[in-house]
Every structure is written in structure tokens, then in C-alpha cells.
Amino acid sequence: MMSVAAARALSGGQRVFVGIGLPSTAANLARRTHAGDLVLIYESGTLGSKPTRLPASIGDGILADTADAVISVPEVFNYWLQPGRIDVGFLGAAQLDKFGNINTTVIGTDYADPKVRLPGAGGAPEIAANCHEVYVVVRQSKRSFVEQVDFITSFGHGRGKGDREKLGLPGAGPTLVITDLGVMRPDPDTAELVLTQIHEGVTVEQVKEATGWDLKVAPDLTTTPAPTEAELTALRELKAAK
Amino acid sequence: MAEITSLRDAVAQLVHDGDTVALEGFTHLIPHAAGQEIIRQRRRDLTLVRMTPDIVYDQLIGAGCAKKLIFSWGGNPGVGSLHRFRDAVQNSWPVPLEIEEHSHAGMANRYVAGASGLPFAVLRGYRGTDLPKHTDTIKTITCPFTGEELAAVPAINPDVSIIHAQRADRAGNVQMWGLVGVQKEAVLAARRSLVTVEEVVDELTPVPGQVILPTWAVTAVAEVPGGAHPSYASGYSERDNEYYAYWDSIGRERDSFQRWLEEKVFTTEVAQ
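Protein chains in written order, with my numbering: chain A, 1 to 242; chain B, 1 to 272.
Next comes chain A alone, as it looks inside the complex (with noise of 0.2 angstroms):
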């Protein structure tokens, strides 16, 4: 459900900053349904990649053999990034905060001494601020959704509206987190994330209770279409290609 609520909000001939795992997913089913021309960009240097089945990492063969260009990483970031040409960037988390901050560095405060160690920033901070938009693909428990993450290592909208244009951020920051069991939106007057969507067979109690702040119900909340057969059909195939 997850990967399909996300392959929906993909759209028409969107440039997309494609991570491995759920975004690529999501952006290879969108590209195979509703979005055939979506232009998917891989930080390993690929523009416009057109993978025949779900690449393994980033720089997986098939996203170099099937792309319009194959780039240095200097130019990803550089020419492609910083400039503001890429419209969604798809990012996951390990805690997001009520705010829409990224955490994929550590657990517990103090850096030098931490709980748990994990992979770090990796391309996440300029995506987060150069994108347009940004959508965080993440799985929902108390644990990852924090009133405030340990570390920031993407800057989603700080501690209210109004900090991403302090800092002169160009993006939107995230518009849009997509998990397991919803979708949460922004609120345009505080940019606190509230809960827009429950997906089908969820209740606000379980979301809520997969959240560690007090988390805000929009009063339109609506519930995610179940899957229609193309889109099952279309992951299914996309997942046994090899």
C-alpha cells in the first residue's frame, strides 16, 4: 500500500531524485502505470534511467544501461541538484520529527557517544533543500516519529513555517509522508504534519498511536482508494522481473 500510495503522487514528466529500496519502487510503478514519461534520476549518475526490472542499488548496471546520460557524481550534485531542475526528491528516514526533519545519522544526542550508529547524510541535505518538493517514504512506529529528531541531517521546516525561508531553502521542503499507514501533510499555517489520509483498514487510533507527539487529524481525512488491479498487476511484475 505504501509503495503505491507513493507511486501516486508521483506525476506526468516529473524529474525525480530516486534512493533505493521503497522511492525507487514507488517511481519505477509510477513510471509503468499512470506516469510512463517520469524522469528518474539516480545519484549514481544516471538521468532518465528506464530499469526493465527493480534495480538492486543505486548503481545498479541496468539504471546506466537503460539511461538517457551517464554523469559523473560531481555533475549529479552540481549541475542537475543545486540548480533547482529536479522537481520531487524521495527521501526515507530513520526518525522524522513533527516537522518534517531527517534524521539518518544517529540515535541518542550526544554524536560522539551514540546509541545506535547509522549510515549518515549521504546525498539527503541538498535534495531536501534544492527539490521543489520533497516526499519521505518511511515505515510508522513511536520510535521513528519523534516530537523532535536526535540529529538533523535533511532540514525539513525546522521548528515551524517560515524557518526553510530563513535560511533561504529554494524547495518546498517535505509536502508529503507517505508510510504505512497514511499520509500526513504539512499544515499550511504552522507546517506541523497532520494526518490527511488513512490508508484502507486503518484507524486514526492506530495512527495515532504509531506516533510519538500528539499528532494532529485533518477534519477532510480521507481514506487511500485500495489498489486497483493494474497497479497490483504492475508491481507484481515489477517485483518478478529480473
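Calculated directly from the structure, the hints in this document are not laboratory data.
Any given hint could turn out to be false.
[Said to hold, decoys possible] With a straight-line Cα cutoff of 27 angstroms, these simulated DSSO-like cross-link-like pairs (lysine-lysine) come out:
hint : chain 1 : residue 1 : chain 2 : residue 2
1    : A       : K161      : B       : K133
2    : B       : K67       : B       : K264
3    : B       : K139      : B       : K68
4    : A       : K166      : B       : K133
5    : B       : K133      : A       : K115
6    : B       : K68       : A       : K115
7    : A       : K115      : A       : K142
8    : A       : K115      : B       : K67
9    : A       : K208      : A       : K115
10   : A       : K161      : A       : K142
11   : B       : K67       : B       : K133
12   : A       : K50       : A       : K242
13   : B       : K139      : A       : K166
[Stated by the list, open to error] Partner residues aside, some chain B positions facing chain A, computed with beta carbon under 10 angstroms:
hint : residue
14   : W73
15   : A108
16   : V211
Ideal placement from N, C-alpha and C gives every residue a C-beta, glycine not left out.
Following the hints, put chain B in place on chain A, whose structure we already have.
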């Protein structure tokens, strides 16, 4: 002019205790065999530089070769954590590991500055993140033309950079293609360089999208077929995805890692 030599001799001559060493390769063309030769020769106190420390750096760190890591993303791609890296950061095992942490954009620009002969690079990066609080190689600079505040990061100039490529000719000109990551910049930024190649040929056949490192820009070339395994060399081999998953079971515990070191590194002699 690049000397064509064996992997063993190249590492013996070019990599010294205490050096700053970069082994680059962005998923593709990762110089694994060279990393294991460094372990085999028991180098110590290295400052290791790499955008994406993955399995080969897990091995070097677990074997106690490194005192410091300069990086932007450390994980086992597509699988999960690097357990030897974690053990070193969280428990100082087998030796404490100092870290200097950046983003990919920052690291890529540090190599570009190094290759360009400049002292630093500027980028629109790190804004709003906690990275500058912990990494003293991230500073702010004001653009003299617009007044915009930008991030400044110092050049990386490794003592030695090591990469893997597809081919070299007998004169030591190196040809690579496919995902070329930041390898060219890493070599040009370094004081000394070693390129391991799939094969040495009489004459290089031009390939679309190729990168050429002329012999006079490289210190040494060693022929190491399969030297990128478990990563891959486009045109020669496929990525061994199962090995990345398998590594999780080796790297997870100190005992299994030590056994792996004994069996696969210390008691294995490289060819030549």
C-alpha cells in the same frame, strides 16, 4: 609515466602507515582486491576517505587499518548496516575510529577542489543541518558578488587514491566507462595513484562515454581481473548482489569477521 606492476608491489610502494588513502568507486568499479591487499600488508593508522564506505571499508576498519574515516554515507547498500564500522564508532573495536562526516555534495566538491588545485570548494549545502556543528571542515563563506552565504569545504588531496577500471594499455593509459562516480577526481586530487584494471591490452579500443586517465596522470597500474568483486565492472562482470547480503552474516560478529580475515585475506596470496 605509470608503472605497470603487481598489486602487492604497488601497495607496498604506494601505501604507507599513517597515509590518507581514498578507495573510490560508486557502486561500480570498487577496488576490493586492493583494499584486501592493504589489510594483508597490515597497514595502520590510515585516514580513509570515501563517499560511500561500504563492504571494503567495513573490512579495512574491522581489520584495524584505520584511525579516521572521512565520508558521507556508510552502509551496506541495499542490505543495511556496516557492523564493523558501527562497532568501531560505538565501541572503539578493534581501535577507536575518528570520523569526519559530510554530505555527498560536500565530498564530491572536496574532490573537485582537490583535482582543480584549489584550496576549497563552495556549494549551496548543509543549510539547517546539524552536520556543521560536528564537522569542523564545514564553514560558511560570503559570496563577494551577491552576498549570499554559502558552504565552504576544504579540498581533499589524498596521499594515494586507488580505483579500479576496465582496461589499460601497456603504456599505462587507463580507460573506464559506465558509472564513473568520482574516480577521475579522486585520482587527479591525489599525490600518488594506483589503478587496478580488469586487463592490460596492447591497444585501447574507444568506448562511448569513456574516461581516459593518461599514463602521466597515474602512478601505477596493476592487472587484477575481478578486482572489483563483489561490485562489478561494466563490460566484464555483474554485481554479486548475494555477496552483499552474505557480508551481513560475516561482518555482524567479531568472531565471524576474524575467521573471514584469516581464511580469505591472510592465508590467501594474491596472484602474481
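Hint check:
Between K161(A) and K133(B), the direct Cα distance comes to roughly 23 angstroms. Compliance with the 27 angstroms bound is thereby established for this hinted pair. Pair hint K67(B) plus K264(B) holds up; C-alpha atoms about 23 angstroms apart against a cutoff of 27 angstroms. Of the supplied pair hints, the one linking K139(B) and K68(B) holds, its CA atoms being roughly 20 angstroms apart against a limit of 27 angstroms. Restraint check for K166(A) and K133(B): satisfied, since their Cα atoms lie roughly 19 angstroms apart, inside the 27 angstroms limit.
At roughly 19 angstroms between alpha-carbon atoms, K133(B) and K115(A) fall within 27 angstroms of each other, so this suggested pair holds. Taking the CA atoms of K68(B) and K115(A), the gap is near 20 angstroms; set against the 27 angstroms cutoff, the hint holds. About 17 angstroms separates the Cα atoms of K115(A) and K142(A), which keeps this hinted pair within 27 angstroms; it holds. As the CA atoms of K115(A) and K67(B) are separated by approximately 21 angstroms, the hinted pair is consistent with the 27 angstroms bound.
The suggested pairing of K208(A) with K115(A) holds, with an alpha-carbon distance near 26 angstroms, which does not exceed 27 angstroms. Distance check on the hinted pair: K161(A) and K142(A) sit about 24 angstroms apart at the alpha-carbon level, within 27 angstroms; holds. With a CA separation close to 21 angstroms, the supplied pair K67(B) and K133(B) stays within the 27 angstroms bound. Taking the CA atoms of K50(A) and K242(A), the gap is near 14 angstroms; set against the 27 angstroms cutoff, the hint holds.
Pair hint K139(B) plus K166(A) holds up; C-alpha atoms about 18 angstroms apart against a cutoff of 27 angstroms. Given hint, W73(B) at the interface with chain A, holds; its Cβ is 4 angstroms from that chain's nearest Cβ, closer than 10 angstroms. Hint on A108(B) holds. Least Cβ distance to chain A is approximately 4 angstroms, under the 10 angstroms limit. Checking V211(B) against chain A by beta carbon gives a least distance of about 8 angstroms; that is within 10 angstroms, so the hint holds.
Going through the hint list in order, the structure satisfies each hint without exception.
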